[in-house]
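Number of protein chains: 2
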Amino acid sequence: MLTYSFADIGSDALYHHLYQCIRDDILCGKLPAEFKLPSKRSFAKNLGVSNITVENAYAQLQAEGYIYSVAKKGYYVTEISCFAQPAGSRTENLPGQEMALKKYIADFVSNRISPQQFPFSVWSKLLRETLLNLHEELLETPPWGGVLQLRRAISQHLKEFRNMDVSAEQIIIGAGTEYLYGLLIQLLGRDKIYAVEDPGYHKISSIYEANGVQCCFIPVNKRGIDLKRLQASSCHVVHISPSHHFPTGIVTPISKRYELLGWAVGQEGRYIIEDDYDSEFRLAGKPIPTLQSIDRSERVIYMNTFTKTLASTIRISYMVLPQPLLEEFEKRLSFYSCTVSNFEQYVLAQFIEEGYFEKHINRMRTHYRRVRDEVVQAVRKSALATCCEITEEDAGLHFLLRIDTKLPDEELLQRADKAGIRLSALTEYYGNPTNDAPAHTFVVNYSGLSEAEIPNVVKLLTECILGQG
Amino acid sequence: MLTYSFADIGSDALYHHLYQCIRDDILCGKLPAEFKLPSKRSFAKNLGVSNITVENAYAQLQAEGYIYSVAKKGYYVTEISCFAQPAGSRTENLPGQEMALKKYIADFVSNRISPQQFPFSVWSKLLRETLLNLHEELLETPPWGGVLQLRRAISQHLKEFRNMDVSAEQIIIGAGTEYLYGLLIQLLGRDKIYAVEDPGYHKISSIYEANGVQCCFIPVNKRGIDLKRLQASSCHVVHISPSHHFPTGIVTPISKRYELLGWAVGQEGRYIIEDDYDSEFRLAGKPIPTLQSIDRSERVIYMNTFTKTLASTIRISYMVLPQPLLEEFEKRLSFYSCTVSNFEQYVLAQFIEEGYFEKHINRMRTHYRRVRDEVVQAVRKSALATCCEITEEDAGLHFLLRIDTKLPDEELLQRADKAGIRLSALTEYYGNPTNDAPAHTFVVNYSGLSEAEIPNVVKLLTECILGQG
Numbered sequence: 001m002l003t004y005s006f007a008d009i010g011s012d013a014l015y016h017h018l019y020q021c022i023r024d025d026i027l028c029g030k031l032p033a034e035f036k037l038p039s040k041r042s043f044a045k046n047l048g049v050s051n052i053t054v055e056n057a058y059a060q061l062q063a064e065g066y067i068y069s070v071a072k073k074g075y076y077v078t079e080i081s082c083f084a085q086p087a088g089s090r091t092e093n094l095p096g097q098e099m100a101l102k103k104y105i106a107d108f109v110s111n112r113i114s115p116q117q118f119p120f121s122v123w124s125k126l127l128r129e130t131l132l133n134l135h136e137e138l139l140e141t142p143p144w145g146g147v148l149q150l151r152r153a154i155s156q157h158l159k160e161f162r163n164m165d166v167s168a169e170q171i172i173i174g175a176g177t178e179y180l181y182g183l184l185i186q187l188l189g190r191d192k193i194y195a196v197e198d199p200g201y202h203k204i205s206s207i208y209e210a211n212g213v214q215c216c217f218i219p220v221n222k223r224g225i226d227l228k229r230l231q232a233s234s235c236h237v238v239h240i241s242p243s244h245h246f247p248t249g250i251v252t253p254i255s256k257r258y259e260l261l262g263w264a265v266g267q268e269g270r271y272i273i274e275d276d277y278d279s280e281f282r283l284a285g286k287p288i289p290t291l292q293s294i295d296r297s298e299r300v301i302y303m304n305t306f307t308k309t310l311a312s313t314i315r316i317s318y319m320v321l322p323q324p325l326l327e328e329f330e331k332r333l334s335f336y337s338c339t340v341s342n343f344e345q346y347v348l349a350q351f352i353e354e355g356y357f358e359k360h361i362n363r364m365r366t367h368y369r370r371v372r373d374e375v376v377q378a379v380r381k382s383a384l385a386t387c388c389e390i391t392e393e394d395a396g397l398h399f400l401l402r403i404d405t406k407l408p409d410e411e412l413l414q415r416a417d418k419a420g421i422r423l424s425a426l427t428e429y430y431g432n433p434t435n436d437a438p439a440h441t442f443v444v445n446y447s448g449l450s451e452a453e454i455p456n457v458v459k460l461l462t463e464c465i466l467g468q469g
Numbered sequence: 001m002l003t004y005s006f007a008d009i010g011s012d013a014l015y016h017h018l019y020q021c022i023r024d025d026i027l028c029g030k031l032p033a034e035f036k037l038p039s040k041r042s043f044a045k046n047l048g049v050s051n052i053t054v055e056n057a058y059a060q061l062q063a064e065g066y067i068y069s070v071a072k073k074g075y076y077v078t079e080i081s082c083f084a085q086p087a088g089s090r091t092e093n094l095p096g097q098e099m100a101l102k103k104y105i106a107d108f109v110s111n112r113i114s115p116q117q118f119p120f121s122v123w124s125k126l127l128r129e130t131l132l133n134l135h136e137e138l139l140e141t142p143p144w145g146g147v148l149q150l151r152r153a154i155s156q157h158l159k160e161f162r163n164m165d166v167s168a169e170q171i172i173i174g175a176g177t178e179y180l181y182g183l184l185i186q187l188l189g190r191d192k193i194y195a196v197e198d199p200g201y202h203k204i205s206s207i208y209e210a211n212g213v214q215c216c217f218i219p220v221n222k223r224g225i226d227l228k229r230l231q232a233s234s235c236h237v238v239h240i241s242p243s244h245h246f247p248t249g250i251v252t253p254i255s256k257r258y259e260l261l262g263w264a265v266g267q268e269g270r271y272i273i274e275d276d277y278d279s280e281f282r283l284a285g286k287p288i289p290t291l292q293s294i295d296r297s298e299r300v301i302y303m304n305t306f307t308k309t310l311a312s313t314i315r316i317s318y319m320v321l322p323q324p325l326l327e328e329f330e331k332r333l334s335f336y337s338c339t340v341s342n343f344e345q346y347v348l349a350q351f352i353e354e355g356y357f358e359k360h361i362n363r364m365r366t367h368y369r370r371v372r373d374e375v376v377q378a379v380r381k382s383a384l385a386t387c388c389e390i391t392e393e394d395a396g397l398h399f400l401l402r403i404d405t406k407l408p409d410e411e412l413l414q415r416a417d418k419a420g421i422r423l424s425a426l427t428e429y430y431g432n433p434t435n436d437a438p439a440h441t442f443v444v445n446y447s448g449l450s451e452a453e454i455p456n457v458v459k460l461l462t463e464c465i466l467g468q469g
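Chains A and B, in that order, give the protein sequences.
Mind the numbering: the first sequence is residues 1 to 469 in the working numbering, read in order.
Mind the numbering: the second sequence is residues 1 to 469 in the working numbering, read in order.
Extracted from the complex, chain A is given alone in its bound form (with noise of 0.2 Å):
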């Protein structure tokens, strides 16, 4: 009869231990399909142990499928058809994936927020209340758009700043824009041609791709995307980013607005994506009315993010739909939960209402002039001073840095990158390569750099540049 020793088994249960035993014996072929196990009873004499513990065992057995009982007659094995391999670790064969992110002494490309900048005391004094007030509300399944009171902030927000008039009702929020594009890929279809602006911010042609949709590169001149191409494409939607385009910084003026909604009507099932991400920082003169709160036509999806005003950490955006989107949405995918914690939907909402994002703005308006202010500054002072141009420096968060060089584009950011400095040329967001794309162009995002390192990083960017050091 089978025997299994039952010493030095700690304080595994009996029956589990018993269990084990029989299992790995099935596992390794030692106990082969159809092998009749002994009757319960005279095993648990032989093994001195209880009863109890082989039906337990054979109980657990069977319910994983290792054995099959057969009425009046016992136990037996199952027909296991392809029999494991002894396990081994599969984790140290792993090709060591790039898990730590490079360090830079200045990273131009990144949107960042410095520790100094975030509003860290606040946040936690409004985690711990809604963490102790809020209890119901937290474990509360939110309405498919979002939790409503934070809806009802951002509405009451975008009234004030924006000058528009939407309803909570309107507001989908999102764990970051890139997942609102994939869902308004599920509403707008996959059969319709979406055109990027060229040159873009890379991701959203990527996501339209890895979405298996056509996307097409309209170029952007002085006035925005070219409307003329746009109207000479077959272009169902296009995705825009009028308040500030990146990476020129180019503002679409408001002829230029009334013009692309004309495109919109001109057929059905046009719409234009709004895309305000960082209007917010503005750094001159008044924001611009938005396309949405000068469209008659239901056609504009607006879209706006707290991953950089607030930190890119934090994954919350939103969109607004027109009425009829709305309620196609609602039909076809308001299956989808909202894919944002309600912890920091709560926390977001009240930080919102009493004003504190408000002032967090402000605050970090300043503080990008500042810097915004040093940066240019020290370049102008710099041996540079003579051999670039600095343009779009009052559009939110980076400027353009051109350079009058013989090198090409890659040699610089080899340079750059050797020397600790992560930048990016104007050219690599180009999706086209016949729209002719400006070289010894770079753009340079200033937002993670403290006012202290300034001088030292633009001494080196000097040097990268002019090829000392």
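The hints are simulated quantities; they were obtained by calculation from the structure and are not laboratory data.
Be careful, since some hints might not be right.
Because identical chains cannot be distinguished in the list, a pair is counted as satisfied if it fits within a single copy or across any two copies.
To be verified - No farther apart than 25 Å at their CA atoms in a straight line, the calculated lysine-lysine pairs in the BS3-like style are these:
no., residue 1, residue 2
1, K73, K103
2, K72, K40
3, K72, K222
4, K30, K73
5, K45, K125
6, K36, K331
7, K222, K36
8, K203, K331
9, K73, K203
10, K331, K103
11, K103, K418
Given the structure of chain A, go ahead and fit chain B onto it with the hints provided.
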């Protein structure tokens, strides 16, 4: 000459008031296209304001495209292709969207956790510590798969509780499994056919449909998904929950698991998505080995979520990719930012590392077992006892209640709804009408019930079903 009043402008800057007056006149058509504006100097004199005021107003109008300047000539109103209609409040006309969800006396459909069960004090403590100590980390963009510390904690947890040998690198964090399914479609391909269990969790097929991929309903039998039907189909990817099928509660036996792995290796490009969504709450016996842990062919994608174990309003789920798919993901999809906030990733990491998660699961399991026992007992003591059967009560958070009745399901559901009880019929979970759905069987999810309310709720339910009251 143009004249505007500067009385009653409150705290508005003079230039901004002037800008608004002119802009409004342009928008309403009072100042037509090509209208020449007064020279700055004479306009300033006329209005009794400084030159700077007019200059700033013109600059703002020009920046926004309302006017343009011609060198040495002056400023002209831009041609705007379609004039705005008078703005009315659009929010008032919105058809009232159902924002508040209906309140039920008992909800047997949703997965919920009551505030008494959520570990608020520990979560608060960890949040406070995180916000105090991890300023840099909280604002640092995490790798595309998520915060490494959390992925390490999950890897350790999987080793201890599921005997799974996966590296932190293989784990990808996302804001809910719904979001991760969307990523998987992008990873595995839109041209693939996806098999889902019938009956099954609605949302899975909804997500495949919303993403425009072909989805096929394969019936479930007593050993899990019907393998013959799967083999006969032309499906490439099968989506299953072998540890605990929803809603029938069926556990796929080990022999069937090997057969499924055999199916996967039978053809290039076949994959199994193993949804292990509430394996932590198996109320009897030991958990069964996952497909992932016995897979040697790298065809299993393991998924699990904290939305069931912690709270459905904290949106954190993860998937474990086999190495070749991980490399493919990195190549094509790693441009996506992680959708979960760093703040919650770090808190959850510590929650797991410091043993709170294990304690929480144990506590919840005990709690759910008690609630289940009381619900089952209350039903067995009620007038329902003679005309109902309870099955699959050992597998987490719900059981099936088959009722011996002549009333159609629809009628029973309506009665329950009227009485304030949210209930669902097993038939509702079937996608293919040709797959025989057993009538008069209801899915009873008891996770949101407190012990105190059980007698009353079961009484209500009995009255509904037996038609009294």
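For which of the previously enumerated hints does the structure constitute a violation, in increasing order of number?
1, 5, 6 and 9
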